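Participant: Each chain, written out:
Number of protein chains: 2
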Amino acid sequence: MPDLYDVAAIGNAIVDVIAPCDDAFLATNGLDKGAMMLVDQAQSAALYAKMAAGVETSGGSAANTVAGLASFGGGGAFMGKVADDWLGEVFRHDMKAIGARFENAPLVGGPGTAISMINVTPDAQRTMCTYLGASVEFADHDVEDDVVQGAKIVYLEGYLFDAEAARRAFAKAAGLAHGAGRMIALTLSDAFMVERHRAALLGFTETQVDLLFANEAEVCSLFQTDDFDVAVEQLRPKVKLAAVTRGAAGSVILSQGERLSVAAHPVEKVVDTTGAGDQYAAGFMFGLARGRPLQQCGTLASLAAAEVISHYGPRPQVSLKDLAAAEGY
Amino acid sequence: MPDLYDVAAIGNAIVDVIAPCDDAFLATNGLDKGAMMLVDQAQSAALYAKMAAGVETSGGSAANTVAGLASFGGGGAFMGKVADDWLGEVFRHDMKAIGARFENAPLVGGPGTAISMINVTPDAQRTMCTYLGASVEFADHDVEDDVVQGAKIVYLEGYLFDAEAARRAFAKAAGLAHGAGRMIALTLSDAFMVERHRAALLGFTETQVDLLFANEAEVCSLFQTDDFDVAVEQLRPKVKLAAVTRGAAGSVILSQGERLSVAAHPVEKVVDTTGAGDQYAAGFMFGLARGRPLQQCGTLASLAAAEVISHYGPRPQVSLKDLAAAEGY
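The listed protein sequences correspond, in order, to chains A and B. Numbering follows the numbering used here, with no gaps: position 219 of the first sequence is 219. Numbering follows the numbering used here, with no gaps: position 272 of the second sequence is 272.
There's no promise every hint is true.
[To be verified] Here are the simulated DSS-like pairs of lysine-lysine, each with C-alpha atoms no more than 25 Å apart in a straight line:
1) A:96 - B:50
2) B:172 - A:269
3) A:269 - A:33
4) A:96 - A:321
5) B:33 - B:321
6) A:50 - B:33
If you are wondering where the hints come from, they were derived from the structure by calculation, not from laboratory data. The model shown is predicted, which means the values in this text are computed figures rather than measured ones.
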């Protein structure tokens, strides 16, 4: 199979509603700062009514990563489920406008396109309440064989472990990818998600995953410890390759037992951390797919994360390709 | 009638889709830089398919002004027409979230909520293609008598001169406002709109308008001249009060034959000029409604305009009240 894409991603197809809030708003509404909470349609409507005026923009963790990859000049494909409504059109438009493949048929006659209400506190932390809507209808028959087999890296969004049908889709994608000699990458997505599915995630990671992305909270949750170094040491023998992020403290790359440190890229003012992990993964996988050394993969990852946290919204607002070139990469 | 609101505005209820573009995109699609062009549903869909990935956010010129007024701490009301669709819900949510009144019933079973596709070039100029959808169904029975009679200033969006029904609504609002001793403000909105309705706008201005807002291109179009000073001199005897903006060159206030100059507020980097005129009007009317001297009204106006052009989107992203306080107002 020829190389058709640098990265093919499977994830929730979500449109974000982003608005500022204060800490009191989170407390009043029982929201854990920095976490992602699933809500049903009624809870979604009730929360939206209380939110400040916001902006709407295409989101979804893995979809954001594909957008970042495309911004670096990489070839990306996305698989996920929207509904045949206005939000679904927006999501599809934005994916195609960045030059990525997105061909899954929309869901007709079911719930609407998924929406994530993202409340951003003055400390730039984002707290998400997601109504999954149509996105949970993604199933194994939506996995496009030739896209998976033709992608250098197949990237799976951990959030989908919440949906039984999506886990079957992951198993199918992993089988297809490995059969074609491709690499499977997984992001742990959220510490609470890890708590809900710890055993399944560990099992999947050990047997199917070639590249794991996690942040500090997620890797600590995976090994039920508060100590980052303990968690990293436990992770080390279980993964071929992993990148663990620590916000302003940079990130750690584990490769065949080796441990590399990567500094965070400096940011003048952190506005909204939404998409930081997604863009880190974009930069890392772009570097990896293009054969760059691991340290440089981490540097590209940090650069992309720094860009996205300097403004509202989960996707780059400038060309990451130009940004990387300006930094000499 | 007691003072219920500082400003009650009538305008098109629009959701904006904002995306970056280059000059070649404007040329290829026959778009005049800086102008607002009306498109039908088919043209709207065709243009959207060609646009870059963007963000969606509540817009509409007069609605943006109400948002700015609310951000200053002013009491605002908006009258306009959305459809009973998702975009209409977003528009209503955002208006209520800023604390403004918006109670007009949505249009059921007709065209969808109006959408404006705003392409922003690297020089920060915005070029708009608007599909008016449900917003043109705004009619005189949608004018809320008590809101108009209870507002210190009734602000009318010139764009509505394109719709016959809305012009009847303007006539009704003007009658109600003047009967209650209120002030009518009008913005000329767009140079091409002025060209289409020059005579009607001049007549309405001379007989009904107490406060006129225009930019350089609009006032020049009104008097069919290329010379700003000639246009201003022609305008001077026709208006009680007017504020004419000139971008970075500041603005001119005409009051009972007197002419005042106001400097533009400095901006580090102009990102997107969408909403500059809308926020200028917000600051000016907030000052006027609160009895500030005219020069200070102009300064508040310039401050609000400077904030909005420093980021994507037509509404303030920080509290204009706090911003004004920090500047000593």
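Participant: If a hint holds in the structure, say so; if it doesn't, say that too.
Facilitator: Here is what the structure says about each hint:
Between residue 96 of chain A and residue 50 of chain B, the direct Cα distance comes to roughly 10 Å. Compliance with the 25 Å bound is thereby established for this hinted pair. Simply put, residue 172 of chain B and residue 269 of chain A have alpha-carbon atoms about 49 Å apart, too far for the 25 Å limit, and the pair is violated. About 20 Å separates the Cα atoms of residue 269 of chain A and residue 33 of chain A, which keeps this hinted pair within 25 Å; it holds. Of the supplied pair hints, the one linking residue 96 of chain A and residue 321 of chain A holds, its CA atoms being roughly 18 Å apart against a limit of 25 Å.
A C-alpha spacing of about 32 Å is found between residue 33 of chain B and residue 321 of chain B, which places the hinted pair above 25 Å, so the restraint is violated. Taking the CA atoms of residue 50 of chain A and residue 33 of chain B, the gap is about 38 Å. The hint is violated against a cut of 25 Å.
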